[in-house]
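Taking the hints into account, I'd like the entire structure generated from these sequences.
Line by line, the protein sequences give chains S and Z. Using the working numbering, the letters of the first sequence map in sequence onto residues 86 to 271. Using the working numbering, the letters of the second sequence map in sequence onto residues 1236 to 1606.
Zero decoy hints are in this set.
Cβ pair distances, simulated, as ranges:
1) Z/Glu1500 / S/Gln251: 45 to 51 Å
2) Z/Val1281 / S/Pro133: 29 to 35 Å
3) S/Gly138 / Z/Pro1417: 35 to 41 Å
4) S/Ala195 / Z/Thr1421: 50 to 56 Å
5) S/Leu108 / Z/Gln1454: 43 to 49 Å
6) Z/Leu1475 / S/Gly138: 54 to 60 Å
7) Z/Asp1502 / S/Ala243: 34 to 40 Å
8) S/Ala243 / Z/Thr1461: 49 to 55 Å
Worth flagging that the hints you see were computed from the coordinates, not collected in a lab. Even for Gly, the Cβ is constructed at its ideal location relative to N, Cα and C.
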Amino acid sequence: MISSLADRIEISLVGKGGQGMILAGMILAEAASIYDHKNTVQTQTYGPEARGGASKSEVVISSGEIDHPEVINADILVALSQEACDKYSPGMKEDSLSILDEENIDCTPATPFVRVPITRLALETTGRVITANTVALGVLVGLTEVVSRQSIEKAVLARAPRGTRQLNRSALLKGFEAAEALKMHT
Amino acid sequence: MAVSLMQGNEAIGWGALAAGCRFFAGYPITPSTEIAEMLSRELPKVGGTFIQMEDEIASMAAIIGASVGGLKAMTATSGPGFSLMQENLGYAAMTEVPCVIVNVQRLGPSTGRATAGSQGDVMQARWGTHGDHPIIAISPTSVRQSFDLTIKAFNLSEQYRTPVILLTEAIIGHMREPVDLPEFETLEVVERVVTSSPDEYVPFSNEMGDVPPLAGFGQGYRYHITGLFHDQMGFPTQRLDEINPWLERVNNKLNNHLDEIVMVEEDIQEDATVAIVAYGASARSARHALKVARSQGHRASMLTLLTIWPFPEVQVEKLGERVERVIVPEMNLGQLALEVERMVGRRKVVRVNRADGEMVTPQMILDAIEG
Chain S
86 MISSLADRIE ISLVGKGGQG MILAGMILAE AASIYDHKNT VQTQTYGPEA RGGASKSEVV
146 ISSGEIDHPE VINADILVAL SQEACDKYSP GMKEDSLSIL DEENIDCTPA TPFVRVPITR
206 LALETTGRVI TANTVALGVL VGLTEVVSRQ SIEKAVLARA PRGTRQLNRS ALLKGFEAAE
266 ALKMHT
Chain Z
1236 MAVSLMQGNE AIGWGALAAG CRFFAGYPIT PSTEIAEMLS RELPKVGGTF IQMEDEIASM
1296 AAIIGASVGG LKAMTATSGP GFSLMQENLG YAAMTEVPCV IVNVQRLGPS TGRATAGSQG
1356 DVMQARWGTH GDHPIIAISP TSVRQSFDLT IKAFNLSEQY RTPVILLTEA IIGHMREPVD
1416 LPEFETLEVV ERVVTSSPDE YVPFSNEMGD VPPLAGFGQG YRYHITGLFH DQMGFPTQRL
1476 DEINPWLERV NNKLNNHLDE IVMVEEDIQE DATVAIVAYG ASARSARHAL KVARSQGHRA
1536 SMLTLLTIWP FPEVQVEKLG ERVERVIVPE MNLGQLALEV ERMVGRRKVV RVNRADGEMV
1596 TPQMILDAIE G
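So this is what it looks like as structure tokens:
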């Protein structure tokens, strides 16, 4: 497969504009590059609107040199909205994993997937829907270990606006917890 | 410094600061706005000036004025803004005023697809302004190279008294990669040196080699500047014996120094029958395809063009002599391919094009390698 060069891992984080998926991609890329010392490229695609529309952040992680900077056939998809899921889930690798926000997404991709109530967990844990992207990062790392838990925590905290570190930390830990629960059931 | 995850556009801003840029005038436009955003924050810290102008025509005029006044100056824009800058870009070429214009290309024509990348302004960078004129355009393929080539753009601009276009696109401009920038003090930076006194200064001399030094206005030097053809003191002229030497000097001042201006990266396999010639974001797709092709046993070479204009004629011609086919992937309908065809012959060139705002995929290039 053309995307299977060295140990290239391709991750797409998708949602509606405003859900913070581009920021989530940046944080994941910082965890991989600054803290895990791996080659990393992050790219993003968004529409002209400031809110709404499908928004996508892509992170490619490899121990080798990364040439093509975009996802070719994703290994991992995290989707927070139906439109973005429909638009970006085709083309996933056969042995890929899609992590879908249970309440926002109502479809069944042809490739392996799990449903997690990401937005609801965010609301219950922090009282703020806006932390769904941090919960999503927790689920993603908890399930796939694509970066280490310590690294994603450092990266989340380094990006957290002043006064929200504890809030973001609890959102991330809730994501880890949800991942553990899923692993217990499978 | 320390490793940080940096966007291509941000790296351009840091490159400008490292090169000594102390004046930026611009008008925000996607996908270039991050450059203005970071320089509006960082320039005042080093005593520089940031101005948001009323439009791109004024932005271009402002950086020419700042440069004549003695500062290294830059603007940044994208397609629609780059179109508006063309008239004053010609003025900078005619008056031999150093300046750097960043064009973070987006899909056109017109308003096009504002948030999508493109390599559609390659020919505009060369011939967008009217009349025969020298121009340098260089194109980075990574975040680190966005930093390095911005410094190079300033250095070439100062050294040859010419506008230099940094031609990047939304892909590289918005992409983030980990970079560890060097300490600015360690970098090679070209500064203006004027040796003659104000009394004997000749701003457009044809007798001081290809590039007469530029003295800053308001620094004791008195001379005239006009977009009209001018004599050696800068005053308008209709005399053919003044116009022709100017034309000759100015249009040759780059051609006589191609060794210093033309930058390419060569990845040659001796017995390759096929080669890729690529630049900017497309070079990233091409390198991926090249590695896959080689892992499958294909013999293939690649030439990455960092300098687009002046076109690397010698390097491309030499490459063409060694292979049967030359693949040219571009995020346009075939622009630099025309130049490659000029150097290696039309029959050898395989164009791989895409002009919908998305990257040329490695698969498209691999298909072309496989023939």
